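Residues per chain, in single letters:
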Amino acid sequence: MAQSASTTSPATLLIKEHDDGIFIARMNRPERMNAMGGGLREALEDAWFEFRDDSQLKVMIITGVGNRAFCAGADLRENDKKARELGAQSAQALIDARRSGVIAPSFTANNFHLYKPVIAAINGWCLAGGCEMALGCDMRIIERHAKMGLPEVKRGMGAKATTHKLHFLAHLASGLEIVWTGDPITAERAVELGLANEVVETGQSMARAVEIARDMCRRPMSYLQYHKERVFQSVGVPLAQALAMEQRFPPHLGEAYRRGLQASLTSKLPGWPGHQRTL
Amino acid sequence: MAKVTYTRQERIARLHITSPTNGFGPETRCELNQALLQYKADNEAWMAVISAEGPDFAAGPSNPVPGSQRELRECFSLWAGGFVEVWKPTICAIQGQCRGEALALALGCDLRVADETASFTADFTGGPGEPDVLAAWLLNLVGAAKTFEMLWLNPTYGAPEAQRIGLVNRLAVKGDFKPLPPPDGRFPMEVMGTTIPVPAGDAITAAVRFAEELLLYAPVTRNFQKETALRSIGVPFHTAQTLELGPNPYASEDRIEGTRAFVENRRPVWHNR
Amino acid sequence: MASLVKRTEGNLLVVELAPVPQGNALNRELQQQLAETWRAFEDDDGLRVAVLCGAHDVFSIGHDVAELAGDPSLSPLPDDGLFPLQISKPVIAAIEGPCYGLGFELALSCDLRIAGDGALFGFADPHLQVPYRLATVLLPRMTAMGRSLELILSGKILSAAQMREALLLSQVTAKGRALPAALDAARGMVQRFGPAQSFRKRNIWSLSGVPLPAAMSLARMPRG
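Chains as they are written, first to last, in this note's numbering: chain A, 1 to 279; chain B, 1 to 273; chain C, 1 to 224.
Pulled out of the complex, with its shape left as it was, chain A reads as follows:
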């Protein structure tokens, strides 16, 4: 059942749209390259909760409006201003303030067990916190002109939300090189290193992301959730232990399995002409 509803106004920092199980969020703060200030961070956090809690939404796509920027990261000017308002111990005070309050869920940190797929459609500059957000998504489609980078090292900052997963995002050595040089990488290099899934032409990342999201939506929610959860639960665990986890047939997948079985009898599989799967 197609359902398309958009909320957009000139003042909307995050343009949201529901499209038949797909939740599309477009960052819309182009004058600041979608830096996460002026309420954009809060809008993203609200969108995270909206996606998690709406059982009609299966896959999320995050992108930026236009061609220039996906997201340039934290709004440094705004953070600086806040830090000065907090006084002399500004750096530590900001850290403490963030820690003492609710740790905000975010795509960056893959946390709060958001076991539904999120795709980043990288339409332009994807830097620092913006790159961390993209790397916290499950897949990345990147436009040919776009660049990804973690320049924090040039300013004495950390990129902590990504460094603990460098070894399986791509592989260890490239990850260290990227965070130590702070240089952005091209779209092609991102795919070579495994940091992005596919390069598309300028302007095409959303269309491609929607195609992939539709492929994912052919599967029931229970399948998507089960498999994403299994992946994140088995990483960073010795092999034998990972294999021993969760050996039963997951009960919540049972109904979807039974319903799908009949349709599967006549599935057409690429390169397999004998699609009649009966003895």
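Heads up, a few of these hints could be off.
Listed below are the simulated DSSO-like cross-link pairs for lysine-lysine, each with C-alpha atoms no more than 30 Å apart in a straight line [unchecked claim]: (1) K82(A) with K16(A); (2) K156(C) with K116(A); (3) K3(B) with K40(B); (4) K174(B) with K88(B); (5) K89(C) with K16(A); (6) K88(B) with K3(B); (7) K16(A) with K116(A); (8) K156(C) with K268(A); (9) K268(A) with K175(C); (10) K89(C) with K175(C).
Partial chain A-side listing against chain B, Cβ under 7 Å, derived [to be verified]: (11) G156; (12) A173; (13) L176; (14) D183; (15) P184; (16) I185.
By construction, these hints were calculated from the structure, which means they are not laboratory data.
Since we're looking at a predicted model, the values are computed, not measured.
Cβ atoms here follow ideal geometry from the backbone N, Cα and C, with glycine treated the same way.
Using the hints provided, position chains B and C relative to the given structure of chain A.
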């Protein structure tokens, strides 16, 4: 006669394996471990370049020559200590053949710079008691499938293929040095390179140059990133996210200096704290 | 009806999945035969490396959906021991044509993969909602996280060349030449690793997902 020398040029520690055949016997391994621990203790050194003398990184026997059991145990604990517990960068310069135990050494460094003569071979023979250190690094660098391929089929990769699969970061090529950014003004935004041009195209000069480029940026951040990255291996995903590891760059003086330098349009002066 | 064809060549075991008309679908009987084959292979001191392939131009299309649909009491969970992952001896998969679903998992659970041009890999059937638990464990240990998630969640199909780019495949041969190449590789392995030497398969896998200091200790311990 020392098989490994340790010298420091400003912020760069130079660990150089001098033995003519580059055979990785127990003595060389132990001296190298000592040198790494010396780097760890040397607060003036913020970056290390590890290199070997001669046309090949390792031309000698590539399989570990066993020493006495006690020697092995001591040396091995140093090896783990030297490679895994030094929370500042190590860069390995590789020319010619890099195989077997020498490959394990090279992979224990954080980054690798190879010249066009470099080649990489596992030379794993599965002998009884053979250390699996090479496998431990390969699993984290190229993934399990490629690990078995390298250990069992024993292909030899040239430098470009090694770069493609994740064994090598930069290729040393012949060319003029790429100028470092001017001492004033903000850092330029340039795409991450795949090569390091140096006049002779040799790996050692290129590795030192790479170290100089990296030294432009914040040491506290680098060290924090290394510690976090390495100590998150083998830690369940959600736990790794919440680990507080190493110095906190956000609480460092260098972070304030970094922002201030940006605002004042000048090069930051780092203090590693 | 024979579902598995086995032959030995020196200390190599060659296992061929059949029958072709059903796409070498891994029905209950075939799974049990494979499990029994790996057990016997492990126990046979005369055999050192195995090569697994499919009859003619198909590796396997995965689950036998007709069998599952015909008997609701059957669980789609794979038979214990279907996968040679935890035996001590190497298995090389030689893949032609479709390698889908449970067949893809079976191929991933082999230690090495060699494929002919035209081979296709992935969780191709969007209607089949079975847990691909082994894939969730193995893929992130072999290739980038983003690729692992894309394969499992979106059902993307990869060509042999794409599999090689993703570091999941050792070699792409001309179509129809995967088995000879796999046999060559297996013979090379047996020649390089003499009878007193071990492939150390279990030792190596035991280092996966382990913190580095512990991995270094394990690696340096002389273990048979």
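Hints, one by one, checked against the model:
| no. | hint | verdict |
| --- | --- | --- |
| 1 | K82(A) with K16(A) | holds, 28 Å |
| 2 | K156(C) with K116(A) | holds, 17 Å |
| 3 | K3(B) with K40(B) | holds, 19 Å |
| 4 | K174(B) with K88(B) | holds, 28 Å |
| 5 | K89(C) with K16(A) | violated, 53 Å |
| 6 | K88(B) with K3(B) | holds, 23 Å |
| 7 | K16(A) with K116(A) | holds, 17 Å |
| 8 | K156(C) with K268(A) | holds, 14 Å |
| 9 | K268(A) with K175(C) | holds, 22 Å |
| 10 | K89(C) with K175(C) | holds, 27 Å |
| 11 | G156 | holds, 3 Å |
| 12 | A173 | holds, 6 Å |
| 13 | L176 | holds, 5 Å |
| 14 | D183 | holds, 4 Å |
| 15 | P184 | holds, 6 Å |
| 16 | I185 | holds, 5 Å |
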